[in-house]
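Residue numbers (our numbering), protein chains in the order written: chain A, 1 to 130; chain B, 1 to 143.
Please note that the accuracy of each hint is not assured.
[To be verified] Pairs of lysine-lysine, BS3-like flavour, derived with a Cα cap of 25 angstroms:
#1 Lys60(B) / Lys13(B)
#2 Lys2(A) / Lys30(A)
#3 Lys25(A) / Lys72(A)
#4 Lys2(A) / Lys25(A)
#5 Lys2(A) / Lys13(B)
#6 Lys101(B) / Lys2(A)
[Unchecked claim] Okay, the calculated bits of chain A under chain B, using three or more residues with CB under 8 angstroms as the criterion:
#7 107-113
#8 117-125
Everything labelled a hint here was simulated from the structure, so no lab data went into it.
Being a predicted model, the structure only gives us computed values, none of them experimental.
Virtual Cβ for every residue (Gly too), placed ideally from N, Cα, C.
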Amino acid sequence: MKFGIVVNEGPYTHQAADTAYQFTKAVLEKGHEVYRVFFYHDGVNVGTRMTVPPQDERHIQRNWSELGEKYKLDMVVCIAAAQRRGIMDENEAKRQGLDGDNIAPGFRISGLGQLIEAGIQADRLVTFGD
Amino acid sequence: MSDIPEEASGIVKKFLYVNRKAPHGTIYALESLEVVLIGAAFEQDVSLAFLDDGVFQLVKGQDTADIGVKNFSPTYRALGDFEVTKLYVEKESLAERGLSKDDLMEIMYEDEDDDWEEKPSIKLVNRTELAAVMAGQDVILSF
């Protein structure tokens, strides 16, 4: 089956990013396809590489980046939500005249159309959030 | 929109956006509306549901000046222009909050299949009817 995954809550504050990660990993290990993972609302905060959790805690961003690398996942951070919350890639930082970017490896910034498209293309769109 | 994919054209699914949060206090309502507006470009079969505190999103006469945030409630009245014409509001959620249909904005659309007659977009439904609406969807996005 082809899944679309939506992550709507921020890392560490809320379980959603963890549960979405476990679910995504599980379906991939079962041989299913993940069409796209879309990060929205505070979920965009998963996509900053500036995250440094205590060493005895899980590293949510790194978990996602490694999963994305292993399975060549399309991990999209919503641009509108990202701009509100200070998640920038190199191009966007330059365009906004900012002094740096923070997007994590394996993530890309794009529009909300990517969420709708995931809904259209996936057999199941699964949302993780409140 | 530049991010409308070619390969998605032709597929029409039933999309339901479920709005469960008050318009202000959290960003869910605003960012839900942003998805609805972008999604309208994809020509899908779109419905919106308002339940729990989400019914407050449609209350008329909202004034946010004193809390310093944008009042985006007029946008709901423009949804008809985006061919978003099915707004289901749960009766029980209204009643539990002391609200009635008269407290909600008048939201109309022009029915292209009926000589562009103006019709109300808001449909009051009870919990059982809303469950049936949900069961009939392909994609549900809950905010």
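Hints, one by one, checked against the model:
For the hint pairing Lys60(B) with Lys13(B), the CA-to-CA distance comes to about 31 angstroms; that exceeds 25 angstroms, so the pair is violated. The straight-line distance between the Cα atoms of Lys2(A) and Lys30(A) is roughly 12 angstroms, inside the 25 angstroms bound, and the hint therefore holds. Between Lys25(A) and Lys72(A), the direct Cα distance comes to roughly 12 angstroms. Compliance with the 25 angstroms bound is thereby established for this hinted pair. Between Lys2(A) and Lys25(A), the direct Cα distance comes to roughly 13 angstroms. Compliance with the 25 angstroms bound is thereby established for this hinted pair.
Between Lys2(A) and Lys13(B), the direct Cα distance comes to roughly 16 angstroms. Compliance with the 25 angstroms bound is thereby established for this hinted pair. Proximity of Lys101(B) to Lys2(A) is assessed by CA-CA distance (about 41 angstroms); at most 25 angstroms being required, the pair is judged violated. Counting residues of the stretch 107-113 of chain A whose beta carbon lies closer than 8 angstroms to any beta carbon of chain B gives 4, which reaches the threshold of three, so the coverage claim holds. For the stretch 117-125 of chain A, the proposed coverage by chain B is satisfied: 5 residues have a C-beta within less than 8 angstroms of a C-beta in that chain, meeting the threshold of three.
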